[in-house]
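Peer 1: Next come the chains, spelled out residue by residue.
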Amino acid sequence: MKASEFSGLIPECCSEVLDAMYFTTVLDSQLKESMPAEPAEADFLSFHLRFVGHISGRFGLHLSQGTARSLAANFLGEEETDISSADAGEVAGELTNMLCGSVMSRVEGEDRFVLSHPEPGNLVVRAGLDDALISRLDTDNGVLTVWVVVDGEPCRL
Amino acid sequence: MAFNILIVDDSPAMRRVVRRVVDIAGVDVGNYLEAGNGVEALVVLHNEWVDLIMTDINMPEMDGEELLLEVRNDPALATIPVLVVSTDRSEGRVRQMISLGADGYVSKPFLPATLSQEMYRLLGGTPNESF
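Sequences listed follow chains V and C, in order. Its first residue numbered 272, the first sequence is counted upward by one per residue in my numbering. Its first residue numbered 3, the second sequence is counted upward by one per residue in my numbering.
Worth flagging that the hints you see were computed from the coordinates, not collected in a lab. Here the structure is a predicted model, which means the values were calculated and not measured. Cβ atoms here follow ideal geometry from the backbone N, Cα and C, with glycine treated the same way. Do not take every clue at face value.
Covered by chain V, according to a simulated footprint, are these stretches of chain C (three or more residues, beta-carbon under 8 Å) [stated by the list, open to error]:
no.: 1; segment: 33 to 46
no.: 2; segment: 68 to 81
no.: 3; segment: 105 to 119
Some chain C residues judged to face chain V by a derived CB distance under 10 Å, without partners named [what the hints assert, rightly or not]:
no.: 4; residue: N6
no.: 5; residue: A27
no.: 6; residue: D30
no.: 7; residue: E50
no.: 8; residue: I59
no.: 9; residue: M61
no.: 10; residue: M64
Computed far set for chain V versus chain C, every beta-carbon distance over 10 Å [unchecked claim]:
no.: 11; residue: S356
no.: 12; residue: E361
no.: 13; residue: N368
no.: 14; residue: M369
no.: 15; residue: S373
no.: 16; residue: H388
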């Protein structure tokens, strides 16, 4: 399976997860060639994890602190002013986990898969260089960039 | 009757959300007990009375599958209902966890009503009408 085959799944799965647990709507989605160049890295959060199953690779999420804070408020049912940076980070990590789990459940169907713990940190991903897909999602709480890189060799559990 | 509920998840944020859903559902909770993985959960289980275990699968040190096996193979713990709450929605995984002894399976993302209904099914009672 090529990363490009995730193109329809990512907006669909992200919509489902964001709608059900973050009370957020995906308004638009676009494929991108590279990760956004951000003016100040400190203002952004990035998480990534590894998935291993019939298909293996890496999955990541990149979003602004403001978007993360807003999503965390929705997720935790608290006021945005009460959300700490640690809360925003924890919720962004969990969102990465849920988005990847949702996508992989669709891809794997009957088969089992394992996700590693989400790790903070931005990885350089370029759609033209890796077997990667980068998707920009505009939501009513801000912009999310979701990416997936598929490994060359499929791996069975 | 107040129930002691053990929430096992490596995400502190998810543990907070589960607690919030349980609160809104109107479940009479005596104590919330929390663990970040299966090893921590077993320590709690051997020291506290627990009426329901809600566990994730993918966790460091000891995952939810191993925790379930430990619980089902321990005569002192074997009768505690186990509700799996996981991002893994693959049919193979759901069937496997049920066959290993899980009493229910809720996949993330979940609607609060779904989690609440499963809890009431396992503990007895009726969900709060606001759901």
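Peer 1: Each hint should be assessed against the structure and marked as holding or not.
Peer 2: Hint check:
Given as covered by chain V, the segment 33 to 46 of chain C fails the check, having 0 residues with a CB less than 8 Å from a CB of that chain where 3 are the minimum. Residues of the segment 68 to 81 of chain C lying with their CB closer than 8 Å to a CB of chain V number 0, which falls below the three-residue condition for coverage. Check on the segment 105 to 119 of chain C: 5 of its residues sit with their Cβ under 8 Å from a Cβ of chain V, so the three-residue criterion for coverage holds. Hint status for C/N6 relative to chain V: violated, with the closest Cβ pair at about 23 Å, above 10 Å.
With a cut of 10 Å, the hint placing C/A27 at the interface with chain V is violated, because the nearest CB-to-CB distance is about 13 Å. Against a cut-off of 10 Å between C-beta atoms, the interface hint on C/D30 is violated, since the closest Cβ of chain V lies about 20 Å away. For C/E50, the interface hint is violated, since its Cβ never comes within 10 Å of a Cβ in chain V; the closest pair sits about 25 Å apart. With a cut of 10 Å, the hint placing C/I59 at the interface with chain V holds, because the nearest CB-to-CB distance is about 9 Å.
Interface hint at C/M61: satisfied, since its Cβ lies 8 Å from the closest Cβ of chain V, which is below the 10 Å cut-off. Restraint check, C/M64 versus chain V: the minimum CB separation of about 14 Å is more than 10 Å; hint violated. Separation of V/S356 from chain C is adequate, the least Cβ-Cβ distance of about 13 Å exceeding the 10 Å criterion. Residue-level check failed: V/E361 sits 4 Å from the nearest beta carbon of chain C, not beyond 10 Å.
Listed as a non-interface residue, V/N368 fails to keep its Cβ farther than 10 Å from every Cβ of chain C; the least gap is roughly 6 Å. The Cβ of V/M369 does not lie farther than 10 Å from every Cβ of chain C; its closest approach is about 5 Å, which violates its non-interface assignment. Distance to chain C contradicts V/S373 as a non-interface residue, since its nearest Cβ pair spans about 7 Å, not more than 10 Å. A cut-off of 10 Å between C-beta atoms contradicts the statement that V/H388 is not in contact with chain C; the least separation is 6 Å.
Of the numbered hints given earlier, the model fails hints 1, 2, 4, 5, 6, 7, 10, 12, 13, 14, 15 and 16; all others are met.
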